[in-house]
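Engineer: Here is how the chains run, residue by residue.
Protein chains: 2
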Amino acid sequence: FVLDPDPDAPCKDVSSKFFIGDITDFDTVYNFGQNVDVITIEIENVNADALEKLQQEGKQVFPQPDCIRMIQDKSKQKAFFRDHNFPTSDFIIINNKNEIAENIDFLPCFQKLSRAGYDGKGVVKIENSNDISKGFDTHSVLEKLVDIQKEIAILVARNIHGEVSVFDVVEMVFHKENNLLDYLMCPSGLPNEIMEEASSLAMAIINKMEMVGILAVEMFLTKDGKILVNELAPRPHNSGHHTINASFTSQYEQHLRAIFGLPLGSTKSIMPSAMINLLGETGYNGIAKYVGLEEILKIEGVFVHLYGKKFTKPHRKMGHVTILDENPLILRQKLNKVKDKIKVIATT
Amino acid sequence: FVLDPDPDAPCKDVSSKFFIGDITDFDTVYNFGQNVDVITIEIENVNADALEKLQQEGKQVFPQPDCIRMIQDKSKQKAFFRDHNFPTSDFIIINNKNEIAENIDFLPCFQKLSRAGYDGKGVVKIENSNDISKGFDTHSVLEKLVDIQKEIAILVARNIHGEVSVFDVVEMVFHKENNLLDYLMCPSGLPNEIMEEASSLAMAIINKMEMVGILAVEMFLTKDGKILVNELAPRPHNSGHHTINASFTSQYEQHLRAIFGLPLGSTKSIMPSAMINLLGETGYNGIAKYVGLEEILKIEGVFVHLYGKKFTKPHRKMGHVTILDENPLILRQKLNKVKDKIKVIATT
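Protein sequences appear in the order of chains G and B.
Residues in the first sequence are numbered from 1 upward in steps of one, following the numbering used here.
Residues in the second sequence are numbered from 349 upward in steps of one, following the numbering used here.
One or more of the hints may lead you astray.
[Stated by the list, open to error] Straight-line C-alpha distance at most 27 Å; calculated BS3-like pairs for lysine-lysine:
no., chain 1, residue 1, chain 2, residue 2
1, G, K12, B, K365
2, G, K97, G, K76
3, B, K658, G, K17
4, G, K17, B, K360
Derived by calculation from the structure, the hints in this document are not laboratory data.
Just chain G, with the same shape it has in the complex (with noise of 0.2 Å):
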């Protein structure tokens, strides 16, 4: 049973009841949990208070509601995080644009919501006194800027009984337009101390968070080799698409096995991987259509992943490719190639 707001979910083909409504509504996601007897999200952004009602009911829900209200709000993830010693950036929780005046002497800063971001959207950057006019004024952190070596990401699952497991860590490398995951590589060609000093932190993180369910860790790594824990998502993630094809678990089989208290997976990869994001092409709007499709499905080791959206917007996520590799050099090459030839525009 799927709850979605968009009539034309691409969920809703391949759920035995599909249900059409708002997830941050209160009644909508209690109701829904009421035909139910396991409850989980997809996306974090959803009516927290409905879940922890149908938890204390008897349901249940995980990732926990508690897990999921710290994650909906970034200051209580940072907060989190230091009250754990956790490393993460520095910063200053605020309630409004006065305060961003107020701490003249951390500038600069990027400034993001404290709730509702989400893709980029709600971070702004304060270089300084001059950008203020530009802040948010409403409750939000402000986070030291970090020199970023590279962003890397790694998925841990919890289940019910406590077991815990780790994804290997991958490379994430962003747009620079429209900070969105442009691709992956996995493994991502760190260091094994660096890798595994990653993997620690995101089981100390679901150990103490005592979630079950997959969590997504993004990490900075920083120039001088420092790994900083930037956010959280409690759910499969973008970060973890290639496991689908690339690993013996996938990261969406992790997450089921962890909530219905089955054994863990093997997070073992079969074979290198990279993943790109299927992204809307700026300039088109309309009914998507997917051009150089052909091409990429002659590559061995190209799995094409779309999600069925009929309709595509700049940036959209339309689905992502994920591809396979022995040689590290062969797989980067692929890589570019299907970069190149695949776009995603509209029908004139």
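Following the hints, put chain B in place on chain G, whose structure we already have.
Structural biologist: Below, chain B alone, put in the same frame as chain G:
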């Protein structure tokens, strides 16, 4: 859009529109076909006349109705093999039981119904004149017994542009009791020249048929090293279930690529694999229960596919398990462990 006679068919929750109806009935199939542009099948026991009419009226029907019709009738299949010099066991086509007695010199043999045989049903062994009374009194094929060393199968696909591609040869091991596939191994472990001969044969067959779609070719390797074609299935087949996890392209994706005119995908194996059918245990009828599931889910490289059928009965195909391992010895150990642990019984 899917048409299936069973209101609880597993496909009902993974289709945009689900139609319940008799796939052997002309009107049902013809009317269903009006809703769609491209029609394919998942079982060959379907009304081919309706498909032919749909094809004549401009619908795309793959595999083509004449291919389905030939394969539906074992006597036509055997005649096709003979007419085109594809090696197959000696046979005689008969119309009734009396003709068994007329061919007493041909015994011992198997008698196979020309039509409606499936999964080992519709087959009887006629050793000598005493067995004639057990024979079918209808149109059928008498097939000479073959000294079988191994049973093998090969999947071959052909797209609408005539591009052809074969998967790796698999060895199939059948249950002695129920004649259903017990497990398969890929690669087969046969010498290269045998595998190449089998591949060439499969390609020659699909080319001669000019069939579009995926075709399973079951073959015997005789004790004196000859390959004989046993029978064809013009659809995704039990001998190809391992491809979901073990090949760069699954048999299902390959079939869709073929009928949509897309380039065929790489059929290379990602890793050696075994596949076990999960059959309902004898002695159990009722709501299915999977014993040993948690234990096998702990094994790396074990992929469990349950078909979501509510009821089990003896020998019913309830699912399958694919096992991957680089090391053939460990693969065999995992196979034995999975076979030993997992059982489909019924709740009391």
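Engineer: Now look at each hint and say whether the structure bears it out.
Structural biologist: Evaluation of the provided hints:
Distance check on the hinted pair: K12/G and K365/B sit about 11 Å apart at the alpha-carbon level, within 27 Å; holds. For the proposed pair K97/G and K76/G, the alpha carbon gap of about 19 Å is at most 27 Å, so the pair holds. In summary, the hint linking K658/B to K17/G is supported, as the alpha carbons are separated by about 17 Å, within the 27 Å threshold. The suggested pairing of K17/G with K360/B holds, with an alpha-carbon distance near 11 Å, which does not exceed 27 Å.
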